[in-house]
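Trainee: Spelled out from the first residue to the last, the chains are:
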Amino acid sequence: MLDDTAKNKLIEVHDLKMHFPIYAGIFRSHVGDVKAVDGVSFDIFEGETLGLVGESGCGKSTCGRAVLRLYDITGGSVKINGQEIGETPQNELRKMRPAMQMVFQDPQASLNPRMTVEGIIGEPLDEHTKLNRKEKLAKVHELMDAVGLNRTFSNRYPHEFSGGQRQRIGIARALALNPKFIVCDEPIAALDVSIQAQVVNLLEDLQERFGLTYLFISHDLSMVRHIADRVAVMYLGKIAEVAPRDALYADPLHPYTKALLSAVPEPDPDLTTEDRVILQGDVPSPTNPPKGCNFCTRCPSVMEICRQSDPEFREVLPGRFVACHHFNENTNAT
Amino acid sequence: MKMKTILLGAAAAVALSACAARAERGADGHLNIIYWQAASILNPFLSGGTKDTEAASMVIEPLARYDEKGNMVPYLVDEIPTVANGGISEDLTTITWKLSPGILWSDGTPFTSADVVFTAEYCMHPEGGCQQETKFSGVTNVEALDDLTVKITFDSPKPFPYGPFVGVESPIIQAAQFANCIGADAPNCTAENFGPFGTGPFRVTEFKANDVVSYEANPNYRDPAKPAFATVTFKGGGDAASAARAVLETGEFDYAWNLQIDPTILTQMAAGGKGEVVSSFGTSVERLMVNLSNPSADLGDKRSTLEGGPHPFLTDPIVRTALSTAIDRNLLAEVGYGAAGKPTCNVLPAPAIYASTANDACLVQDIAAANAMLDGAGWARGSDGIRAKDGVRLSILYQTSTNAVRQDTQALVKQWWGEIGVETELKNIDAAVFFGGDQSSPDTYQKLFADIEMYTNNFAGTDPEAYMNSWTCGDIPTPANNWLGSNMPRYCNPEYDALAAQMGQTSALDDRAALAKAMNDLLMQEGAMIPLIHRGDVSAHSNTLQGVLMNSRDSELWNIADWSR
Amino acid sequence: MLNYTLRRLMFSIPVLLFISFIIFLILDLAPSDPTGNLPLTIPPEVREKIRESLGLGQPMPVRYYKWCVQFFVNEPLNIWDQYWGTCSFGCEDRLRVVSYVTRSPVVDLIVQRMPQTLWVVGMSYVVGILIAIPIGVISAYKQYSWFDQTGTFVSMVGFSVPPFFSGVLVIIIFSVQLGWFPSIYDTTLKVVSWDTFMLQVRQMVMPVMVLALQTTAQISRFMRASMLDNLNQDYVRTARAKGMKESVVLLVHVLRNSLIPVITVIALGIPAVFGGAIITEQVFKVNGIGQLLIIGIQGGDAPLVQTLTFIFAVMIVMANLVADIMYGILDPRIRYD
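Residue numbers (the working numbering), protein chains in the order written: chain E, 29 to 362; chain V, 2 to 566; chain P, 1315 to 1651.
Chain E on its own, in the form it takes in the complex:
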């Protein structure tokens, strides 16, 4: 599948920046910025799933929302299907919304509590299509079937459903306008483990049926391994490494990726690795990131240059991108 559509880039993100200003004092003067996303670049190919992983607060969700332009971004470019949307005003962007959708982390909070399921799923149809009432209802029922919800529940309110069902509503809602690209922002984090697999499988099924492209944001590395075709690792507002899934899990290049993967619990006690990397210290504040490489304060293999200059994000092996000075000096050094 990956090979067939290989080189057709659906999403191209280049040097995306999303800074949130901080105001303080009596006159609310601008005293600094939270650099939640600070120069991120990646591409997503049509039909694939890019997993975006990282610890809490590293800017994953902000990145996902910025790609969909749910924020007015600070800088950089976002292209969808070759069309630049980085600077497009929100009003024009609205017309492009059907192509790009989002599934949110908290299925309870992300659904309007005063709207019925039918209203929630059907609302974008009012806005973007010219279906009449009957056709709309048919479409809603069709979508409910597709995500495995009983269509007789269409007049119920979100609070009457379980967490897994609510997330199905959220997915049905995202699917309503036949999008090409869906950002799944930790769609399973708020769910029971037993339900997580159902939802992930549903997402996979839907990807197959509708030819969807996913940006799958998660901090659950095993789940990403299950669903993603390629994986991007994010640390403190920047991408540390992007690689095809198997290569990344088998042979992480960036020291942070290594640390992250070594933290994944290993079910087989025999395979417990002695060389588990334990990171010291806390993530620095995104308001005031360290000089040089932003991982330099915690990197187990830090070098002098890491504290001086920011490493370039470059392709070190075919399809494998990494931002680390170890690979700048010698591409083969590991």
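Note that these hints are calculated values from the structure, not bench results.
Among these hints, one or two may not hold up.
Below, in silico cross-link-like pairs of lysine-lysine (DSBU-like), each with a Cα-Cα straight-line distance of 30 Å or less [as the list claims (entries may be wrong)]:
hint, chain 1, residue 1, chain 2, residue 2
1, E, Lys45, P, Lys1559
2, V, Lys152, P, Lys1363
3, E, Lys123, P, Lys1559
4, P, Lys1504, E, Lys158
5, P, Lys1504, V, Lys227
6, V, Lys303, P, Lys1363
7, P, Lys1559, E, Lys167
8, V, Lys70, V, Lys52
9, P, Lys1504, V, Lys448
Partial chain E-side listing against chain P, Cβ under 7 Å, derived [claimed, not checked]:
hint, residue
10, Arg122
11, Met130
12, Phe132
13, Asp134
14, Leu139
15, Asn140
16, Pro152
17, Leu153
18, Lys164
19, Lys167
20, Ser182
21, Tyr185
22, His187
Quick list of the computed label-pair ranges, beta carbon to beta carbon [stated by the list, open to error]:
hint, chain 1, residue 1, chain 2, residue 2, range
23, E, Glu112, P, Lys1559, 18 to 26 Å
24, E, Ile54, P, Ser1474, 53 to 61 Å
25, P, Ala1539, E, Asp100, 22 to 30 Å
26, E, His58, P, Arg1649, 29 to 37 Å
Glycine is no exception: its CB is placed at the ideal position from the N, C-alpha and C atoms.
Using the hints provided, position chains V and P relative to the given structure of chain E.
Mentor: Frame of chain E, contents of chains V and P only:
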């Protein structure tokens, strides 16, 4: 010469035609009156409030009223009965009124002596709770001799038999209308109490209790040319300042009643030129009542009674005179009352024939003289500046009702008394409690658990007999009579009581005046009370309104039939 | 929901009876005297007779029982008879709650006062809400903008400036200086034509605005806070992600959710409308319910004060119930059973 005559004639013709145009009922359209206390009921027998009696005075009338000078004016009769014209019997026990023929009620029925007799029955009914009952005190019988003659009999000689059916508080109501409202049924007659039929210039078209009364000209009024106004709105609500504003500043209203506000503000408003402030003086006097009995709390039940013994120092006439001399009454009048007050040294300052001039020395403040008096009497200043004699300090508790002007007055008086070495403690009490009849409250003006108290009192009409009787020995409030009495100073002087008794036997006006003056002077010289201000009534009317004659002895609207624009 | 409502209504009966007793007790203990305001020329003996004729001689429990019978039995019967034009259970000598001062049935007085109170105070409430909601919405949407700052300032002024000041101020500006509006409300005006309608509008402008300033200040703050709560909710982002128009996001999604708590606040404020605005009614001489109450208090008119206060208590209990039920209707997450 001829030319001049013609011109004069023309001018006269113009004037006449103008008069003729005016002399037509209802020609001047609508009249707006504001009484910031709204009328609650139009039956003065069920409400003694001024606002209610005056609102009713446009509709129902007494047999005779007092004019602005205090003279009696016949309204529903042709002449005032006197001993001279035979209307009052020689023994002063009966008075016979002869009603004017041809007077109609506003519903078109004739006004007869039966209505007068009924009114007396209505008010004298023991279960009716009639608030004007004192007007009928001593009346044993009211009978109709014929359709137009009413004879009133008293239980004893009445030198001044003009209580019943004279003045704003004693009008005649229609027998036919109120027939079912007598006694305990009186309060249930809402429609009647809100819209009495009357003989006056106006009749009620709509009554909204505590809000507004609408009147229209009475089509059956006895003078076919009057009243000049076709309709009247009698609006209530708000406060004195806003009522003054409505007449003097915005011109929305033509007449505003009782504008007891800061005199400087009233002057400013009047400067706008839209209206005029008018005042008149009745018999109201703001006075200090001097407690001649001992108010010490140690006396228990005998507190502030004659049994409790005399006051430790206020019984000394020199102290009382000094206290009075130390007060600058002119300043008090200027600060607190403006056009509505003038200094007085008499508790009976009006009508003119009763006003004594014997006490006018107190009009001039003389702190030095007051100090000299006290020094001479042996009241020596202590180390704290307060005078004392034989261990008795001149320390006074001075109480009054809560009211901005009264508290200003208290502060000034305290300062002056301080200058003559008298210590003063001030106290003010909510008016509803101070003047209320709650037996359990220690703060009523009747109990007078203080050394000195200040308030205003007056009497209606022109005859001071009942008023002057307030200071006889029998009228002292005591626990035995549930503190019901009006002799607050606990003044008891056989000489005074003798004068009062003599007045009850005297009918000649000049003799009565001499007696009243003598009683007033006795009270003043004995220092039972210290009068401060002769208080007037202040109202305002628009410049376009003509015919207003301010009257403090009857309704301010007494001559509303003559008002015009 | 129906069961819940009925149960609440049933519970409110003993509560209201208890309240009526407490009100009666307080009024009885208060040192006010219906004859206290009469001129001093009326002697004490006559005052005593007046008090007796008002029934004040009877012991307190007897008077309370009489009031209860008059208010809970006779008044409803009277309304029934007036409505159907009948005469049941001896309407001839049925005793109604009668005011000490006006000697007329208290309920009739209240009914007479209703129109101006509802027109002025009610209208000010409606106007206040209509102004407050857009201000609250815009203030929250453009938080910390000059509009929001101005709104905060105006709200502060509205909260802190009492109507006896703002009322007199507008009278001096618009009645005395400019002469645009009458300073005295004419309760006898009947709207029968365009001209009288305009007169009615002109005399309502100032009291309505003075009162609306307070309502606006309060409701706009609630609205703003509630909007801010909702603006940061995920479902708002969902709505934007759906590609809904900003106006739809704001007015359909955010506003409708934000209105839930605001509407309950509005419902709880309704008794105050019927209670009248004592000071503002007094300043503009509107002479509605509030003025009736204050005159009753000043005149020691216990039956009037008792009845009015009790009616307010009923309104407050009912408004609380309505607010709870509305919350249940508006917010599908809340269910009563």
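Trainee: For each hint, tell me whether it holds in the structure or not.
Mentor: A quick look at each hint next to the structure:
1. E:Lys45 - P:Lys1559: 25 Å, holds
2. V:Lys152 - P:Lys1363: 27 Å, holds
3. E:Lys123 - P:Lys1559: Answer holds: E:Lys123 to P:Lys1559 is near 10 Å, not above 30 Å.
4. P:Lys1504 - E:Lys158: Roughly 52 Å separates the two Cα atoms, so the pair is violated.
5. P:Lys1504 - V:Lys227: Status holds; Cα separation ~28 Å.
6. V:Lys303 - P:Lys1363: 27 Å, holds
7. P:Lys1559 - E:Lys167: 21 Å, holds
8. V:Lys70 - V:Lys52: 21 Å, holds
9. P:Lys1504 - V:Lys448: Violated, at about 51 Å.
10. Arg122: 5 Å, holds
11. Met130: It holds, given that the least Cβ distance between E:Met130 and chain P is near 5 Å, below 7 Å.
12. Phe132: 5 Å, holds
13. Asp134: Nearest chain P Cβ about 6 Å off; hint holds.
14. Leu139: Hint holds; E:Leu139 Cβ to chain P Cβ min 6 Å, cut 7 Å.
15. Asn140: Given a least distance of 4 Å, the restraint on E:Asn140 holds.
16. Pro152: 4 Å, holds
17. Leu153: 10 Å, violated
18. Lys164: With a closest approach of 14 Å, the E:Lys164 hint is violated.
19. Lys167: 14 Å, violated
20. Ser182: 14 Å, violated
21. Tyr185: Interface hint status for E:Tyr185: holds (4 Å vs cutoff 7 Å).
22. His187: At 5 Å from the nearest chain P Cβ, E:His187 passes the 7 Å test, so the hint holds.
23. E:Glu112 - P:Lys1559: 18 to 26 Å: 23 Å, holds
24. E:Ile54 - P:Ser1474: 53 to 61 Å: About 21 Å separates the Cβ atoms of E:Ile54 and P:Ser1474, which means 53 to 61 Å is violated.
25. P:Ala1539 - E:Asp100: 22 to 30 Å: 25 Å, holds
26. E:His58 - P:Arg1649: 29 to 37 Å: 47 Å, violated
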